[in-house]
Amino acid sequence: MHKVSINFATIIVATVIATTSVFAAGNIVKPEKQNWSFSGLFGTFDRGALQRGFQVYNEVCAACHSARLLHYRNLKEIGFSEAQVKAIAASKEVTDGPNAEGEMFQRPARLSDRLVKPFPNEEAARAGNNGALPPDLTLMTKARVGGADYLHALLVGYKPAPKNMKLGEGMYYNLYFPGQQIAMPPPLVEGGVEYADKTKSTVDQMSRDLTTFLAWAAEPELEWRKRMGVKVILFLLILTGMLYGIKRKVWSDLH
Amino acid sequence: MSNSKFKNPIVAWIDYRLPVFTFLEHELHEYPTPKNLNYWWNFGSLAGIILVIMIVSGIVLAMHYTPHTAFAFDSVERIMRDVNYGWLIRYIHMNGASAFFIVVYIHIFRGLYFGSYKSPREILWILGVAILLCMMATAFLGYVLPWGQMSFWGATVITNLFSAIPIVGDSIVTLLWGGFSVDNPTLNRFFSLHYLMPFVLVGIVVLHIVALHQHGSNNPIGIDIKSPQDTISFHPYYTIKDMFGLGVFLILFFGFVFFAPNFFGEPDNYIEANPLVTPAHIVPEWYFLPFYAILRSFTADALIYLPISWLMSAKLAGVLAMFASILVLFVLPWLDRSPVRSARFRPVYKQFYWLLIIDCVILGICGAKPADAPWTYIAQAATAYYFLHFLVIIPLLSFFEKTRPLPTSISEPVLKGSGNSSIVASAKPMEKA
Amino acid sequence: MASSADTVENGPQQPEEGETRRDFLMLTTGAFGAFGAAAAVWPLVDQMNPAADTLAASTTEVNLAPIKPGQRVLVKWRGKPVFIVRRTPTQIAEAKAVKLAELVDPETDEARTKKAEWLIIVGVCTHLGCIPAGTKQGEVKGEYGGWFCPCHGSHYDTSGRIRKGPAPTNLPVPDYKFLSDNLVKIG
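Chains as they are written, first to last, in numbering that gives the first Met the number 0: chain A, 0 to 254; chain B, 0 to 432; chain C, 0 to 186.
Hints listed in this document are in silico derivations from the structure and should not be mistaken for laboratory results.
The model shown is predicted, which means the values in this text are computed figures rather than measured ones.
One or more of the hints may lead you astray.
[What the hints assert, rightly or not] Here are the simulated DSSO-like cross-link-like pairs (lysine-lysine), alpha carbons at most 27 Å apart as the crow flies:
no., chain 1, residue 1, chain 2, residue 2
1, A, 75, C, 176
2, A, 158, A, 199
3, C, 79, A, 85
4, C, 176, A, 91
5, A, 248, B, 34
6, C, 184, C, 163
7, A, 85, C, 75
With the hints as constraints, model all of the structure from the sequences given.
Here it is as C-alpha cells:
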C-alpha cells in the first residue's frame, strides 16, 4: 500500500500542475487576486459596498447593460428599506397590459418587476452600441474565468494602447480583456457618481463596489450557503467521528 | 410461522407471505464477505448512494425546470434564486454528477488493480461497463438542460459525432435533433431521456448487485474464499464501514457544494445558449476529457491514423476510437488471461497499471487544452498507448509475466517475500474456481 | 449480529462493559444520524412551497367605471377568479336583512364589504374548489340570488355567504383597497 500512495500522490501533483497551467494559456492576462469581503469560508457581502455598487450600476452601467435576473424586491436583501426600493422601482417605467381597451400601457415598476432593461431587445442594444452587444450583468462574476477578480481588473484595466498595436475602429485597449481590445468605453471616471454615504468615488472604489454588487447579483444565496455549509460540515465531522468509533468497536471483535 | 426466524410477529407475518425480510437478511446481513476488504471496496456502495441522491434531487429539480429553449435558462436561475432551497438542490445535483464519476472511476480502477473482472465475475464487470456508458449518456443529456453556452455547444458537438457514420450519418443527426440544429425539439427529448435514463441505470445496478452476490466480492489478495474463516457477515462489519466511508465522502462532497459549488463547472455555462456564437474554448465536463482527447487525436496527419487511413475518414476514426476506448473494457476479461487476479502478485502488471493511470491523466489534460501543438502530439501518443495497454500489453503479460506466489487462504497472513515456498501454492489456484 | 458470532468464534469474548458502551455509542450515533436525515428531508419538502417570485406575485388593479349597477364581473388575481359585483340597493337590502342565526358561517354583510355597493370575493367554492355559477348573465344564481356551485350544489347569497349545500364557509374576501372611487387594487 505504501507504493500505492506514492503513485497516487504523483498523479495528484500532475493533475494540479495541469489544471493551474490551463489558466496561463492563450492571450489572457491573469487578473490579480483581490481580498473581497465575500471571499473565504465565512465571507459576507459588505452592505455599504453593495448599496454603493447598486448606485454605480444604476447610474452608470444600467444605461447599456441589463441585469434581467434581478427583481426590485431583491434589493431589500442588500439593506435598502421597502420604501427605498419602492421609490427606486417607481422611478422606472415598465410596459404592462393589455388593458380593457386592448392597449399596452406604461406604468411605474413595482417590487415584483424585474429590473428594467435599457434596450427592449438584442437588436436595439446592438444598434445603440455600434453593433456591440452589452452583455447582461446578473451572472457576470460566475460567467467569466477569474470571476470578481477579473471583473475588477477589467474595470480598472484601461490603458493607452502600446505603440505597435493597431486598435480597431471604436475599440479600447484593456490589458485584461481577451485579445486586449474591448468595445466598451472606460465606464468609470473619477467622481462619476456621488455616493449617498459620502465615500470618495475613485475609479478603484467604484469598481470594487460595483464588483461586490455584481457578485451578490450572481450569487444572492452566498451568505446563506456559507452559513449553512459551516453547520452541515461540523455536523458531518461529528457524525463521521462517531461512526468511526463504532467501526473501530465493531471490528475490534475480529483482530 | 411459529418457527420463523423473526421474533417480531408483524415481520414474521409479512415475511411468511412476502419474503422481503428473508431476502434482506440473506443479502445484507448474513451475506458472507471476505474479511480483508480495504477501503477501496467502499466505492461501490458509495456509487449506489450517489445514484439515489441524484435521482431524488433530480426529481425535485424537474418540478421547477421548464424544457423549452425560451425558458430553460431562466427556469434554472429561478431555481437558484426563488425556489426554496433551490440553490442547494441544484448545486447538489450539479456536483453530484462530478462526485458520481469520481467515485465510479475509482471503483473501476480498483477493479482493474485487483482483477475483479476475471472469472467468474465477467458479467458483473460487463454490467459495470454498461453502467458507465449509461451514466455518460445521462450526464451528457443532463448537461444540456440548463441551456447555457456549453450545454448548447456540447450538444451540437456530441450529436455531430454521429454524422461520421457513412451514408446514414446525417439522417441520424437530423433524427436526434428533430430539426436542422440543436433546438427546442432537441431540448425537449433530452429532458425526457435524462429523466428516463437513471431508472434504466437502477435496473442495471440491480443486475450488477445480483451478479456480485452470486460469487461474492473479490478481495485485495484476489484468491477465492476457502472456508467460513475467510469471511465475515456483511452486517455489521461492512455496513458500518460503508457508513463511515459515506460520512467521509459527504464531508468532501458538501465542502464543494457549500464552498466551491462551481469548481467543476465552466463559466461559459452561465451565459445563455446562443446558436450564433461559439465560445472561444469549448471543453466537455472534466469526466469526459480523456475521451474527448481520444476523439480529437485522430487528425488527417496523425501517425495513429495512417494505418487505417485507407479504410475510413479521420473523423470516423476519431469517433470509433472514442467508443472503442470504452468498448475495449467489455472484452477485458478475455484479453487478460493471467490466472492471478490481484496486482499485488503481478509485479509487472502493477507497473503497467500505474502507467495506464498516468496515461489517462495525460489524456484528460490534453482534452482540456486547446487543440494545438504540442498537445495534439501528446494526445496522439497517449491514445496510442491506451489501446496498446489493453490490446497488446495485457494479453502479452498474461503469458510472460512471472507472478508472485499466492497465499493459500485469506485468513493466512500475507506473505512477505516470495522465497518461502513451503506454504505457497503455485499461481493457479483460482482458475476454474 | 447472531450470525456473525459463528464466524468470529475465535475472537476474544467482549467484556460486558464494552458491550454497553458500544450500544450507547450506537444509540447516540443513530439519534444524531436520524436528526441529520430529518434535516436533509426538509429542503426537499420546502421546495414545494411557493417560491419567492410566486409570493411576490403582483397585485391586480381593476377599473370599476365600466361596471353598471347589478353587473357582475370576473377578474383573475394570482391565478384565481375574483368576483366583483356592483350591487343594486335591493340586493344590498336583501343581504343586510339576513339574520346571523340563519347562517352556516355567521358574518354580517358590513364585515364583508368596504363599500356596500361593491362586493369583492374570491370565486372559489369553499367545498372543493369549483367556480360557482352566477357571474355571467343567464347563469343559475341559486336559491338565494347569489351564486350556485354546479359541482356539488352549494348556494351562496348576494353577499357570497353559504346558505345551503355542502360548502362549509362563505366565499372569502381578498385583501383589497380602493385607490380612488373607480379604481380598486386587489392583493
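Q) Looking back at the hints listed earlier, which ones does the structure fail to meet? A) 6
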